[in-house]
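A.B. asks: Sequence:
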Amino acid sequence: MLLAGLSWRERDDHPWRLIGSLVLLCLCSSYGVVLAGSITMVWVWRVWRQHGIRGVLMGSKPRLAGWLVLLAVGLGITALVWPRPNTYDSGLDLLVDSPLPSTWQMVLRFWLCLPSEMMFTSVFSDVMMCFASISAWEWAMMAVFSCLVWAVFFHLAYRRGELGLLIIPYAMMSVLGVRYFAAHHEGIILGFFIMVLCVLCRDCPLNMNDVPAWMKTLGVRASAHMSNRDRTLCINLGKFVGVLLLSISVYWNVYACVTDVLYPYSQARALASLIERGNLQNERMMSGWSRLPATKEQQQEWQGAYCGGGDNCIDFTTWYPADLIVANPYFNKNLISNSPDDSSYLLWYQPAGQAKKDLETWKNEGEPALYFTSFQPFFFNELGYKRADYIEVQYVNLVRPWKDQYKATTCSVYMRRDVYRKVFHKEAPNALTVDVDIS
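Mapping the sequence shown onto numbering that gives the first Met the number 0, position 332 (from 1) lands on 331, and the numbers just tick up by one.
By construction, these hints were calculated from the structure, which means they are not laboratory data.
Among the hints, a few may not be true.
Each computed BS3-like pair below joins lysine-lysine, with the alpha-carbon atoms no more than 25 Å apart [what the hints assert, rightly or not]:
(1) K356 <-> K295
(2) K406 <-> K421
(3) K362 <-> K332
(4) K332 <-> K295
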């Protein structure tokens with residue numbers, strides 16, 4: 000995005016600089032495709048408005064060739080990442096007790112929450128934005144900060160004739176990102192505003208002419224009633240407040256870095272150590288799956304929905320915990336014995352009839368050495384496993400920073416008692432749970 004901002008002013012004289020930057024942006028993420036496409040729309044529209052359709056098609060052959068290349072890249076990537084039917088998106092409403100926000104409510108969150116959250120406030124936790132539930136005063140606080148951000152950028156963009164570059168890409172992203180946008184995507188918003196600020200400052204560096212006339216008038220009137228000492232004090236106070244606001248992001252980064260150094264963020268290394276300690280990589284390891292409560296109507300929305308425990312749920316056997324996924328890179332084989340097609344990643348896709356087929360297959364297999372799941376009776380009873388054969392081993396405590404917040408969790412695995420003896424060279428205690436130190 001920074002490269003795109005630096006290349007914007009010479010877009011017509013050296014089009015491939017901007018085209019190359021936008022191709023790189025497409026390759027970063029799906030949001031990059033949206034931003035690159037909408038930035039190009041603004042570019043094409045400006046050429047059309049100034050030179051008509053002939054200027055678009057015949058004005059510059061390198062520019063037209065660049066547009067066509069960018070279009071091919073964008074369409075190709077879109078085809079690659081287009082979700083299959085019945086992907087995770089279709090099941091979002093199963094994960095919450097109350098209805099999900101409507102599209103217009105999500106769009107409002109983009110415009111009235113994210114500009115504030117990207118730099119100044121820390122209200123959201125690291126969740127999908129459609130799941131965020133906060134108090135009314137927090138919504139109001141974010142709206143106030145966001146409106147101030149928009150006021151500054153609207154004013155600067157309007158003065159430099161770049162209002163379209165500010166509004167259109169953001170509007171496109173706010174509409175197309177309503178379903179999937181999560182709080183950890185906020186950096187994309189910050190990057191976009193940095194790109195726009197880069198464009199605005201390259202067109203014309205910030206100067207006193209950018210200060211609105213009414214603010215200058217108020218300043219002159221207030222200054223007339225102040226002594227030199229008071230004027231100096233107000234100027235220094237203004238500088239202090241500005242530095243304080245800009246220091247919020249620095250504080251978040253320092254807090255996150257220190258937390259990352261002091262505590263483990265992921266269970267990957269600890270789990271790999273546990274597996275290596277017992278030489279378990281060739282043992283059968285199984286991941287639990289997601290069983291979500293569902294009404295008859297919700298079941299009908301899913302082709303081939305199946306509930307092994309009755310008729311009030313859906314078993315998503317292809318949606319399993321991340322423990323073995325993140326430990327996989329430490330080994331030369333896939334650790335997940337019950338993954339579809341031996342995949343080492345999370346599909347977020349549930350083929351019709353998959354759950355019933357999986358559960359029938361798993362029932363005929365023996366108890367795994369390690370079973371990664373949250374303890375619920377159906378995870379054991381459904382497959383005929385005996386809870387008494389296992390002990391829950393809590394093997395690492397995680398601390399995950401988020402701005403100035405953190406979330407502490409304990410990772411555990413259900414280990415067969417005979418496997419426990421192999422790993423730790425002693426009998427498993429009679430308790431249901433045990434803490435271990437594998438450092």
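A.B. asks: All hints, please: hold or fail.
C.D. replies: Cross-check of the supplied hints:
no. : hint          : verdict
1   : K356 <-> K295 : holds (21 Å)
2   : K406 <-> K421 : violated (33 Å)
3   : K362 <-> K332 : holds (24 Å)
4   : K332 <-> K295 : violated (40 Å)
Comparing the model with each numbered hint stated earlier shows that hints 2, 4 do not hold.
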